[in-house]
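Participant: Spelled out from the first residue to the last, the chains are:
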Amino acid sequence: MTELDDPITTALRDLAEQAAPPRLNADALWRAGRRRRWAAITAPVAAVAAVAVLVPLAVLSAPAHPAPGPASTGSGSMHRPPPIQFRQVARTTGHSCPSRSHGLPGTSKDECFYFTHTAMTISRFASVTITQPSPGTSGYWLSFRLEPADTHRYGDLTQKLQNLPSPRDQLAIIANGVVLLHPQIVAALDLGVFQIYAGHTRAQAQQLLHRLQHR
Amino acid sequence: MNERDRQEFAKFAAARSGTLIRLAYVLTGDQHAAEDLLQTALTRAAARWGRIHAAPEAYVRQIMYREQVSSWRRRARRREVTMSDPPDQAAGPVASAEARLDLREALRALPAGKRAVLVLRYLEDLPEAQVADILGCSVGTVRSQTHKAITQLRSVLASADLSSNEVGP
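Sequence lines, in order, name chains A and B. For the first sequence, counting from 1, position 1 maps to 256 in this note's numbering; every step adds exactly one. For the second sequence, counting from 1, position 18 maps to 1173 in this note's numbering; every step adds exactly one.
Among the hints, a few may not be true.
Some but not every residue of chain B turned toward chain A, in silico, with C-beta under 7 Å [as the list claims (entries may be wrong)]:
#, residue
1, Gln1186
2, Leu1197
3, Ala1201
4, Arg1206
5, Cys1292
Simulated from the structure, these hints should not be mistaken for lab results. For glycine and all other residues, C-beta sits at the position ideal for the given N, C-alpha and C.
Put together the whole structure using the sequences plus the hints.
Facilitator: Okay, here's the thing in structure tokens:
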């Protein structure tokens, strides 16, 4: 027993009372739980099948070093914005990317990101909005909602990153060949809805939002 | 997993999420992180609902504690904050509103592992053996983490006390 016992208990209760009611969708959580359960059951079988099928395909058709840059400008993409890539960060450097390197710049230009082959590409977000600071938080956040077709893949991708040492637990969000965000993934995000810190000011958040929406 | 399970889960989430978010908030110190933590725990609970539906809250709480501590361990290298040596004497009584605020902020600044131990010991009022069981560590670790956390709180409070007594030029 110490003289701090009672004050600690009181302070913890005070802290708990600062929490705002959660915004939860029980049905979505239930569906995510069910997917998680099925993934646990089917993953070993699926992994074996995937290796058996994908390895020969990769040998036959994949380039040795897939280019991480902006989308092709072929005729198929003339009327649609370039896609958005999510790529696992392999390493970062504190200077601009050398010419002809596989790295991509970040928003500050004085950094260069290199990636693993763990990645996914989406054509668009269902929505991206700026979230106001709420009690107990500071700064502005971007709230992302994925299209339903992308949700499961994104859940799988974040699942792979969640236990890894830095910087391999970071997922770069790339648009127009620039790493706009590179959040650390601390849990599998399999609901298709997630938030990323966007800066101390609304202007910083708006700038990021603009770069994501006007690719 | 059938429709009855889904309804039971929805009922549980609606009834207990208000209480559980407060625990998540104390553990994380941040509303968004608290919601993420609660969401992760409820998703895992849904995945195992068939086995845990008789006592889901204990399961959800355990996941929240363990997830928070393990995620902190993964980030520890970057978040570790070195503290000055603890003072020889304890800080004075923590009674004033200002001191309570200092203590609350000091608790918020504790590493997740130490904060989780204090939450279990002081907020949940659990014995050391049960704390060790929930966190998946030894009783000795619980004792040492508690001691280190309180030493760190004393150090912060002593610094705050000294700075509040400083006189300007």
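Participant: A separate judgement is required for each hint: does it hold in the structure or not?
Facilitator: Verification of the supplied hints:
The beta carbon of Gln1186/B is positioned within 7 Å of a beta carbon in chain A (closest approach about 5 Å), and the interface hint is therefore held. Of the supplied interface hints, the one on Leu1197/B holds, with its beta-carbon coming within about 5 Å of a beta-carbon of chain A, less than 7 Å. A cut of 7 Å between beta carbons decides the hint on Ala1201/B: the least distance to chain A is about 2 Å, and the hint holds. Proximity of Arg1206/B to chain A is violated relative to the hint, the smallest CB-CB distance being about 11 Å (cut-off 7 Å).
Annotation: interface hint on Cys1292/B violated; nearest CB of chain A at approximately 18 Å, more than 7 Å.
Going through the hint list in order, the structure does not satisfy hints 4, 5.
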